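My numbering applies: residue 45 is where the sequence shown begins, and numbers increase by one.
None of these hints come from the bench; they were simulated from the model.
It is possible that part of the hints are untrue.
[As the list claims (entries may be wrong)] Straight-line alpha carbon distances no greater than 20 Å define the calculated SDA-like cross-link-like pairs of lysine to any residue that follow:
(1) K126 with L158
(2) K285 with T323
(3) K139 with V112
(4) K96 with D72
[As the list claims (entries may be wrong)] Between beta-carbon pairs, the in silico distance windows are:
(5) D256 with P289: 25 to 31 Å
(6) P163 with A345: 48 to 54 Å
(7) N67 with R147: 44 to 50 Å
(8) K100 with S255: 34 to 40 Å
(9) R145 with Q57: 39 to 45 Å
(10) R146 with D351: 53 to 59 Å
(11) I76 with P287: 18 to 24 Å
(12) D348 with R147: 44 to 50 Å
(13) D237 with T98: 40 to 46 Å
(14) D256 with E159: 35 to 41 Å
(15) D170 with R268: 31 to 37 Å
All values derive from a computational prediction rather than experimental measurement.
Just so you know, even glycine gets a beta-carbon here, dropped at the ideal spot from N, CA and C.
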Amino acid sequence: MLNGCICCNLVGQLADALEILANDLQPDRIIIETSGSAFPATLAMEINRLSKKTGKYVLDGVMSVIDVENWRGYDDTSVTAKMQARYTDLIVLNKWECVSRRRLEDVEDAILGLEVDPPTPRSKSDRGWVDKNIIFGLDPQLAKGVVTQSEYHHDHSHQNEVEVLSVTLTSSGSSCGVNMEKLYELLEEPTKDALYRIKGILYTSTTPKSSDDSSSSIPDTHTRRTRYILNWSFGRWNFTKVPCPADNSVSLASSAAAPTDSGQITPQLISIEPELSLTIVTAKYEANKWQKRIESGGLIALQDTHDSVLTVQRIL
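Could you build all of it, start to finish, from the sequences and the hints given here?
Quick look at the structure:
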């Protein structure tokens, strides 16, 4: 689910997304990851509603992850921070190994400053890893308290805390995917204060490298066009190889694909899904600058010479 606020205009799509996962993959657990400015109460309310309606889902709990290395706290003790803390069952402190003891204590003091009574339980990750016995099987007493819309007023003011761009790159014909060398320039350029997250799906025939110089989680040994999920945060990124959707291509008639004197038209496979689809979350007042930078900088392009259409839109 890309390009929008999951707790505002996309909450209605949550039921469809869960239904697809339940029918196609039959997972034991489903983890819903939101942005750092989302209201968990709205999602908890929707899952509780679906649970009563379908009997398929049970809300396990709400967990918030704090990047101790980069989190500066909420200087204005924002509404978003207080609402997240109120409906969170567990706080995980991540990247705490990268900072001093004083820095860790400052972050914990900022959490206590949100004045949640009793204080939300906290746990530390082990270099990004968290025991499944900690994060699964939470007692979601706080989140279960959100039952109906009348009990909760969703204030959209949290949308003013970040700005969001939607970026798509489509091809007019067959393609080898995204030019990774150009994309690396985009991933390496932003500062921590300008961009917060880049998330999306892309196709490439070049095995992408994560920021730690490792290959994707499932290395390729060929040059076939392959689908990847991109996750970027605070100057670090990784690629994860994922299967192509079953209905990812259609056959179109193309007179240019057959000799002009043959009198026949050769079907050509083209992708329904864009070559690249990204959601970029920026700091306030940064979206317009980065929209112009992406549109004019050649940072997102195809690997081959086929015509393409790059679309960059401000959606929040």
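What hint numbers does the structure not satisfy?
none
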